[in-house]
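Engineer: Below, each chain spelled out in residue letters.
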Amino acid sequence: MKHTLRISILACFALFGASASLHSAERGGTFNFVAPYDGSILTLDPHKTAKQQDLLVTNNIFRTLYMWSTEEQRPVLEMAESAVVSEDGLTYTYTLKDGMTFHNGRKLVASDIAYSYERMLTMDPVSPSSGFLQVIVGAEALQKGKVDHLAGVKVINDRTFSITLTEKVDPAYQFYQPGTAIVPKEEVERLGDKFGLTPIGSGPFMFKEWVPGSEVSLVKYPGYYEEGKPYLDSVAFKIMQEGASRDIAFRAKELDAIIVEAPQYSSYKNDPEYSGDLIEVAEMFTRLIVWNQKYEPLANRKVRQAISHAIDVDAINRKFLKGKAYNPVGWLPESSEAFDRGATGFSFDLEKAKLLMKEAGYEKGFELKILGSANMSYGVSVAEVIGQYLSKINIKVTTQQLEEGILYDKMIAGDFQGIIWSFGSGPEPLQALKRWHSKTENTSGNYAHYNNAQYDALLDQARTETDPATRIDLIKQADAVFRDDAAVWLLNYNKAVLAVQPWVHGLKPVAIEIMYQDMADVWVDPGSPRSGK
Amino acid sequence: MLSFAIRRLLQFIPTILGITLIMFLLLNLIPGNAALSSAGKLELGADVIEKLKADLQLDKPAYVRYFNYVGRLAQGDMGQSYLRRYDVADVVFDRLGATLKLAFSAIGIAIVLGVPLGFIAALKQGTWPDTLSTVVAVVSVSIPQFWLGILLMYVFSYMMHLLPTSGYGDGASANLVMPAMTLGLGYTALLARITRAAVVEVLSADYIRTARAKGLSEFRISYRHVFRNAFVLILTTAGLLFGSLIGQTVVVERVFSWPGIGSLLVESIFQRDIPVAQGCLLVIVIVFLIVNLLVDILYSVINSQIDFK
Amino acid sequence: MTMNRVFHQKNLFFGGLIIALVILIAAFAPLIAPFDPVNDADLMNAELPPSASHLFGTDSSGRDVFSRVLYGARVSLSVGLITQIANTIIGVSLGLVAGYFGRFWDELIMGTTNIMLSIPVIVFALAIMSALGPGLFNIYLALGLTNWSYTCRLTRAQVLSVKKSDYVNAAVVLGYSKTSIIFGQIMPNVLGPVLVIATLGCAEAILMEAALSFLGLGAQPPMPSWGGMLSSARDLFFTAPWLAIFPGLAIFVTVLGLNLFGDGLRDILDPRSVLKNT
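Chains as they are written, first to last, in this note's numbering: chain Y, 1 to 533; chain E, 1 to 309; chain P, 1 to 278.
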């Protein structure tokens, strides 16, 4: 099972490589895409939002210093042609690509990068993405209002600038975030609050129209710096929250591609018209139940292990989630570079689970309350199924459905026994594992208050390790420690799926978030009803 | 007439104040951290969260925020959206048009279908058209609206590919048909029922009997007396229904992803964008009050004309 | 006219029949239902279409939809009944106070009523539910505390008209106490129309619960509520339509019964007084 899944990912890559070389891309046409997440698009100012729903659009209007590469499975330089690292590994000197312009026609220069980062750090209310800039020297001082400029960013000339970091990390993983996009100062100042309504960036598409709550349409920017791109004349993002509506609209060919949810997955999988063109990827989100070890039974490692053995996670992923999930091993997902291909997760073994419960002194079981949202893939409905399994080892599960906002509060306050949820687990593996480091504030993600000295030591060691292979190995070891402690119960890594019309080319399995598509690479052949031919 | 309208408008003020208080209390009771949810699904440092709270003034006690809110409201300022970071008024009024469009279409459908249905039922009392229209009326108010919406989608979009499933599209009628039908059907039934009752009442009035005795044809009777007199009641009812219909858009807009105030309200509540939620509620209530006022004015205008004749 | 009368009695009859049936189902659900609505779940039998062993098929967790629909009658009926009892008690008491004592009380209560009337009930309930969180008890609160304005206005109007009548004047002169006047003279006049409002309100509350569930603010899953079942079925509408069709039909039939009954009741009582006030 595992193997076929992995092969299918590889096949996906191969397919895209092939399709690019076999056909030459056609120009023109309109692409109808979706914005499928929680309702309205709020703002198109990338600095003012952290919602995927907004960023999946701004990603195409703006550009960031680095961007995610599906080919390399890591962020790569986008706006600069080169980055030279100083000997101490702390200063990066970038040379911008030639010919980049904003949609107002002005040439994009090095000071725009400095301006954009400074704007994020001095905004009121604070930019939700400002956290990604904290690795720059002087970011904190600027944010606290102690200085006027960002000391760590130096403009050398129009095309060259340098960024100095506070510690030795790979800046690519910070500055590829869509929330750190580069904006033109004069337009931001001219438009004020309205910049988020009529954004102007340097990306492949220009903002055209926004019908609030309904759709955002973009048109091709002819001055885009990548030769020959974008192929499409226009892209429309239709805001569609209801899975059933997206399904119908796609089948009626009103949409060129949609994100597929678990309930619809099997019908696409079995549909010969679409099954061949599904784009699937192990997204870097790990679904889990966070255990609160302040609840006595859960403080016992054997109990947590027993729970992991008692649940047939494969059956849940296969049947309940219709196979739209990858079975978990450790915290890091399959698409992570530190994913341990040799390791396996907890086996479904009821006898072993019973034995562990007995050893822990909980043979008679206990009551367990799991909180969750209404989400179909990682909400209370999944917890109910888990309850079926846990009743076999005498654990009586009750569930409570709450809104996400309230769950957040409870998670931070530690007011829960178990919460079923989904957390980002990528792309940089060390950063992803840092969540469970005992020094991590619980607001920053260590909701389980996980504290294991061996785990901490392995991560600290990996942080200073210079040899890439040893570093990855240390990370793998840490992940194994975390897995065996069963501090959280792992449900799956999300399998993100796009259903695509046969005339569409160039959509990619983007592991950070499948909806973050770079539409500059997408084209449609004359089969499309909107091909423009 | 003018002084009446002005007096009524002044009466709005205590009502609206009362409503802002109730809404503010309710919406601020909602648990869940607005600052956190405004930041989306990111794990933030504790200091960033504190700064956000301070920036959004969430660190101030509720009564201070309420007085600030009412104070700004009095100057016509509905505040700033936590999530969008621009004026609530811009956010809300951008959506009002879609809701009004939907509500007017729905009430239009209800009038066009409901009134004739009620007339036929009243004129043919006790015959099969009467029975049929009564049955249709009861059946259509008993269907859960969102269920009807999904069924319509299934039939017209999925099976027949006739209409777009949802969304605003270019605002064209094709997108409007199903939401307006879903919303209007229940009200068609109510309007038919009211029309029937009103017409029955008029028909049994003395002057109609006189007219009949005079030998006027049934058609002229129904045109001249019945319609004009029943019209007042129908109009009043339609106005009242319109008010409750504005509330119902909350559900229908959600089903059909119609970008109106109703769906915005639900969304803002879930996202804890309290200023926007308050703005939506306020606008819904004000639309309701204004429509009722207009109905009252129209009612007295028509009544005085009838009396005059 | 006689035809009509017979027809309206038919309404009452059929409505009553449906309600009686639903009440029976709710009462004897444990005896009729072949499975437990919550605990008899088997993932391996998820989303089976209707068959002899599962009349209405199974849901995504493998629970028997037929059993869940039967138990769902309990949730819906309790929502209708409890909220209407609450609304009626609040509405009648406030109406009595406003009408009987007048002046300050009248102004205060009618002012509040006007405010309540200008907030659509569903919107009000939505705000309350999001403040309290999903759950059956919270539904009772949200729908039981918000929909009493009509009852209140109607009671007040009745009190005012009775107050002026010679009969009451005579009673006062004869030295009857206020309470005995209220309960002896005014209540019987109010009872009929209030019953009609409550019956129709019951139907409305059931629909409202379903709508709130649809918005994610209904009863707590896995409680078998019709609205909740519908809500979780919508994404599966094209792959497993039975999940949405049966609970939807159940709501429809129950609400239809209540509406028929309420209509019939209204026509038997003085049709005009009720019409004017609703």
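There's no promise every hint is true.
What the hints assert, rightly or not - Simulated DEER-style distance windows between Cβ atoms:
#1 P:Ser161 - E:Gln57: 49 to 55 Å
#2 Y:Gly192 - E:Val70: 48 to 54 Å
#3 Y:Pro529 - P:Leu145: 49 to 55 Å
#4 Y:Asp525 - E:Glu50: 37 to 43 Å
To be verified - Below are the BS3-like pairs computed for lysine-lysine, each with C-alpha atoms no more than 30 Å apart in a straight line:
#5 Y:Lys144 - E:Lys51
#6 E:Lys51 - Y:Lys439
#7 E:Lys101 - Y:Lys294
#8 Y:Lys410 - Y:Lys269
Rather than coming from a laboratory, the hints here were simulated on the basis of the structure.
By construction, the Cβ of each residue, glycine as well, lies at the ideal position given by its N, Cα and C atoms.
Engineer: If a hint holds in the structure, say so; if it does not, say that too.
Structural biologist: Against the structure, the hints:
About 51 Å separates the C-beta atoms of serine 161 of chain P and glutamine 57 of chain E, a value consistent with the hinted range of 49 to 55 Å. The hinted window of 48 to 54 Å between glycine 192 of chain Y and valine 70 of chain E is violated, with their beta carbons roughly 26 Å apart. Look at proline 529 of chain Y against leucine 145 of chain P: about 52 Å separates their beta carbons, and that is inside 49 to 55 Å. Between aspartate 525 of chain Y and glutamate 50 of chain E the beta carbon distance is about 53 Å. The supplied range of 37 to 43 Å is therefore violated.
Restraint check: the Cα-Cα separation between lysine 144 of chain Y and lysine 51 of chain E comes to about 10 Å, which is no more than 30 Å; the hinted pair holds. Between lysine 51 of chain E and lysine 439 of chain Y the alpha-carbon distance is near 21 Å, which keeps this suggested pair within the 30 Å criterion. With a C-alpha separation of about 54 Å, the suggested pairing of lysine 101 of chain E with lysine 294 of chain Y is violated against the 30 Å cut-off. Restraint check for lysine 410 of chain Y and lysine 269 of chain Y: not satisfied, since their Cα atoms lie roughly 38 Å apart, outside the 30 Å limit.
Hints 2, 4, 7 and 8, counting from the list given before, are not met by this structure.
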